[in-house]
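Undergrad: Sequence:
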Amino acid sequence: MKEIPFSIPVTGIIRINGNVITVIVNRAVTNVILDPVEESPERTVFEPGTTMFDIILESAQEFLRRTGYNRFTGIDLFSIARETYPGLNKRSFMSRITAATPNHPSYKHHLSHRDYFSRIATGIYTLEDEYLPKKEAADEVDTSDTESSNNMQSVEHER
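Count along the sequence shown from 1, add 16, and you get the number used in the working numbering.
Everything labelled a hint here was simulated from the structure, so no lab data went into it.
Be aware that a few hints might be false.
What the hints assert, rightly or not - If you anchor each label on the Cβ, the simulated ranges turn out as follows:
1) Asn47 <-> Thr83: 56 to 62 Å
2) Pro21 <-> Ser108: 53 to 59 Å
3) Ser128 <-> Ile30: 22 to 28 Å
4) Thr83 <-> Glu63: 23 to 29 Å
To be verified - Taking lysine to any residue and the SDA-like style, the derived pairs with C-alpha atoms no more than 20 Å apart in a straight line are:
5) Lys150 <-> Ile91
6) Lys106 <-> Lys150
7) Lys106 <-> Lys151
8) Lys151 <-> Arg81
9) Lys106 <-> Ile91
All C-beta atoms, glycine included, are put in the ideal place defined by N, C-alpha and C.
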């Protein structure tokens with residue numbers, strides 16, 4: 017048996033409708049149905065102007081508000097951040113914590129530096145004083161009606 021290669025020009029139409037592809041050649045019709053592919057988890061998108069560092073700092077401040085304790089692990093912060101941003105990448109998050117801790121041995125390997133945290137032991141961090149959450153107005157004592165403030169006003173009046 018001998019085979020002889022040849023080609024015949026054919027015209028046809030291909031119609032794509034969603035996940036159904038229809039191929040029509042002369043009078044022959046063939047349908048192909050494609051199963052939808054499961055999408056991979058989408059990339060987490062932050063609000064404009066928000067960075068991963070902002071989310072890490074907010075998570076640390078929220079941890080302090082919830083617990084009142086300025087000692088935490090990266091996993092503590094990651095679990096708080098995942099409440100708002102469920103698609104966060106754990107490795108990226110933990111890497112940014114290292115980049116925000118100047119006394120971490122691997123700090124020098126990161127291009128973006130922040131000074132949010134201090135490393136007090138392996139995997140345990142504290143938030144620096146300048147980034148501690150501000151006291152809420154309800155916690156502040158209003159001294160405008162106290163006797164000492166009235167005395168000060170009268171002393172200022174005498175001068």
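Undergrad: Compare the structure with each hint and give your call.
TA: Cross-check of the supplied hints:
A C-beta distance of roughly 60 Å is found between Asn47 and Thr83, which places it inside the suggested range of 56 to 62 Å. Distance hint check: the CB atoms of Pro21 and Ser108 are about 54 Å apart, consistent with the given range 53 to 59 Å. For Ser128 paired with Ile30, a C-beta distance near 48 Å fails the hint of 22 to 28 Å. With their beta carbons about 26 Å apart, Thr83 and Glu63 fall inside the hinted range of 23 to 29 Å.
Distance hint between Lys150 and Ile91 is unfulfilled; the C-alpha atoms sit about 24 Å from each other, more than 20 Å. At roughly 28 Å between alpha-carbon atoms, Lys106 and Lys150 are farther apart than 20 Å, so this suggested pair is violated. Using a Cα cut-off of 20 Å, the hinted pair Lys106 and Lys151 is violated, with the two alpha carbons roughly 30 Å apart. Note on Lys151 and Arg81: the hinted pairing holds, with a Cα-Cα distance of about 10 Å set against a maximum of 20 Å.
Restraint check for Lys106 and Ile91: the C-alpha separation of about 9 Å stays at or below 20 Å, so the hint holds.
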